[in-house]
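Colleague: If you want the building blocks of each chain, they are given just below.
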Amino acid sequence: MKKTPLHDLHVSLNARMVDFGGWDMPINYGSQIDEHHFIRKDAGMFDVSHMTIVDLKGDKVKEFLQKLLANDVARLKDSGKALYSCMLNEDGGVIDDLITYYINDTFYRTVVNASTREKDLAWINKQAEVFGVDVIERNDYAMIAVQGPNARAKAHKALGDDAEEKLNDMAPFYIRDYGDLSVARTGYTGEDGYEIMLPEKDASALWSRLLEAEVKPCGLGARDTLRLEAGMNLYGNDMDETISPLEAGLGWTVAWEPAERDFIGRKAITKQKEQGVKNKLVGLVLEGKGVIRDHQKVFVDGLEAGEVTSGSFSPTLSKAIAFARVAKDTGDKCKVEMRGKQLDAIVVKPPFVRNGKSCL
Amino acid sequence: MSVNIPTELRYTKSHEWIRREENGTLTIGITDHAQHLLGDLVFVETPEVEDTFSAGDDCAVIESVKAASDVYCPIDGEVIEGNEVLADAPETINHDAFGDGWIFKLKPEDEGAFDELMDSDEYAELIAED
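Chains as they are written, first to last, in the numbering used here: chain A, 2 to 361; chain B, 3 to 132.
Calculated directly from the structure, the hints in this document are not laboratory data. Misleading hints may appear alongside valid ones.
Claimed, not checked - Cut-off 30 Å, straight-line C-alpha distance, at most; resulting in silico cross-link-like pairs (BS3-like, lysine-lysine):
(1) A/Lys290 with A/Lys350
(2) A/Lys290 with A/Lys268
(3) A/Lys63 with A/Lys217
(4) A/Lys358 with A/Lys334
(5) B/Lys107 with A/Lys342
(6) A/Lys217 with A/Lys82
(7) A/Lys42 with B/Lys107
(8) B/Lys15 with A/Lys336
(9) A/Lys279 with A/Lys268
(10) A/Lys279 with A/Lys342
(11) B/Lys107 with A/Lys158
(12) A/Lys82 with A/Lys334
(13) B/Lys15 with A/Lys342
(14) A/Lys42 with B/Lys109
(15) A/Lys82 with A/Lys63
Values in this document were obtained by computation on a predicted structure and should not be read as measured data.
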């Protein structure tokens with residue numbers, strides 16, 4: 002199995018390690034729920050070095066990304082600004098969701114999922130050829146996400162004496178260099194914080210300094226419940242190559258204007274939009290006790306209306322919550338089938354939690 | 003991982019522990035090894051008092067952040083009490099699997115059946131194979 006540069010540190014912290022798409026990663030360091038609460042209330046960190054950083058360079062890199070992505074990088078006017086987008090196939094299915102940072106007119110950086118690394122790189126390389134864009138995988142980088150209301154203040158302490166001065170005025174959804182590091186004010190938890198990309202050799206030292214600054218190590222278990230509460234999709238669960246962004250709650254990430262921008266998948270999703278989208282992704286909150294799980298069936302008026310795509314227990318709300326893909330006309334109530342019973346759930350618009358507070 | 007397996011208890015292959023009380027009733031829970039595998043528990047459904055079960059019947063449900071699992075009745079008998087603390091504090095099992103985290107109490111049909119169950123050495127061997 003593949004290991005990140007922080008692997009030995011996780012083991013020394015008694016992390017429970019699991020196979021995560023071929024990577025030996027920490028699922029928790031004791032209690033996933035404690036870790037979840039810590040990030041909502043204070044500051045925690047994740048090793049996300051398994052994610053893939055890809056630098057894209059060339060004179061036509063902007064035109065290339067306007068073709069490759071369903072969102073439009075022309076929206077990025079200021080250096081360092083980030084954009085969330087889907088990368089579609091010709092049928093309008095989602096190959097991956099990713100974040101693209103605009104560095105300058107000949108250089109964008111993108112971060113894609115670990116589980117989709119091979120196919121993403123193959124696809125990006127294939128499309129890049131005609132644009133003469135260099136696709137540079139940054140395997141020399143590690144990545145640490147520091148998240149929570151106190152995350153930035155604690156990260157500044159760990160990063161260096163002038164970190165606060167150099168980074169504090171950076172707005173959300175931007176990236177900025179700090180020495181050899183790239184610091185992005187992004188994340189996957191619904192809290193403020195940073196995602197820090199840094200040379201592999203420096204990762205252990207920064208992790209240790211973050212520990213000294215009382216940033217709690219958190220595993221991928223907490224990362225999943227945090228993102229679910231925050232209403233953020235997980236690739237492979239909530240969308241895949243057979244699902245369009247319009248059926249995955251990601252219609253807002255598709256830039257339809259300008260109409261002449263011919264991004265890959267545009268024809269297919271335009272047709273889908275004209276013919277009417279059959280399903281939608283919604284949030285569910287279970288009214289009684291129990292936990293909603295992936296792939297459980299959803300019923301409305303006794304008829305099957307869809308399926309849970311991501312289900313879990315929300316530590317912040319102390320209730321089971323989920324995303325489900327259901328028929329477009331589903332109203333505000335449904336039932337979820339679990340263990341042979343159908344239990345009442347209400348249908349809501351995610352997110353469930355933002356900045357530590359319930360949205361229900 | 004340190005493994006805690008009290009020697010006075012009996013065990014099942016499905017990771018329940020069983021303690022014989024002085025009055026002959028049995029107290030049943032899941033082992034520390036099992037709670038560790040499940041992760042943080044968030045919901046426990048204990049069996050109803052007066053329900054009767056045969057050995058091997060599923061009689062309680064425990065759900066963790068990761069998965070739901072059944073608890074199996076180790077011996078034929080009648081439920082005489084469920085642990086009410088677990089309704090509001092399922093994490094008690096994570097903190098004290100062999101003590102306050104007990105799940106239910108059973109009046110066994112045959113008191114001798116307890117002695118047929120696995121002892122701590124056999125259980126230690128079983129989980130070493132996992």
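Colleague: Taking the hints in turn, state whether each one holds.
Modeller: Going down the list of hints, with the structure as the test:
Among the hinted pairs, lysine 290 of chain A with lysine 350 of chain A is consistent with the structure: their alpha-carbon atoms are about 21 Å apart, no more than 30 Å. Taking the CA atoms of lysine 290 of chain A and lysine 268 of chain A, the gap is about 44 Å. The hint is violated against a cut of 30 Å. A C-alpha spacing of about 39 Å is found between lysine 63 of chain A and lysine 217 of chain A, which places the hinted pair above 30 Å, so the restraint is violated. At roughly 23 Å between alpha-carbon atoms, lysine 358 of chain A and lysine 334 of chain A fall within 30 Å of each other, so this suggested pair holds.
Distance check on the hinted pair: lysine 107 of chain B and lysine 342 of chain A sit about 26 Å apart at the alpha-carbon level, within 30 Å; holds. The straight-line distance between the Cα atoms of lysine 217 of chain A and lysine 82 of chain A is roughly 28 Å, inside the 30 Å bound, and the hint therefore holds. This hinted pair does not check out: lysine 42 of chain A and lysine 107 of chain B have alpha carbons roughly 39 Å apart, beyond 30 Å. Among the hinted pairs, lysine 15 of chain B with lysine 336 of chain A is inconsistent with the structure: their alpha-carbon atoms are about 35 Å apart, more than 30 Å.
At roughly 17 Å between alpha-carbon atoms, lysine 279 of chain A and lysine 268 of chain A fall within 30 Å of each other, so this suggested pair holds. Taking the CA atoms of lysine 279 of chain A and lysine 342 of chain A, the gap is about 27 Å. The hint holds against a cut of 30 Å. Between the alpha carbons of lysine 107 of chain B and lysine 158 of chain A the distance comes to roughly 53 Å, so the proposed pair goes past 30 Å and is violated. A hinted pair counts as satisfied when its Cα atoms are at most 30 Å apart, and lysine 82 of chain A with lysine 334 of chain A does not qualify at roughly 39 Å.
Only pairs whose Cα atoms come within 30 Å are accepted, and lysine 15 of chain B paired with lysine 342 of chain A is accepted, the gap being roughly 28 Å. Taking the CA atoms of lysine 42 of chain A and lysine 109 of chain B, the gap is near 46 Å; set against the 30 Å cutoff, the hint is violated. Using a Cα cut-off of 30 Å, the hinted pair lysine 82 of chain A and lysine 63 of chain A holds, with the two alpha carbons roughly 14 Å apart.
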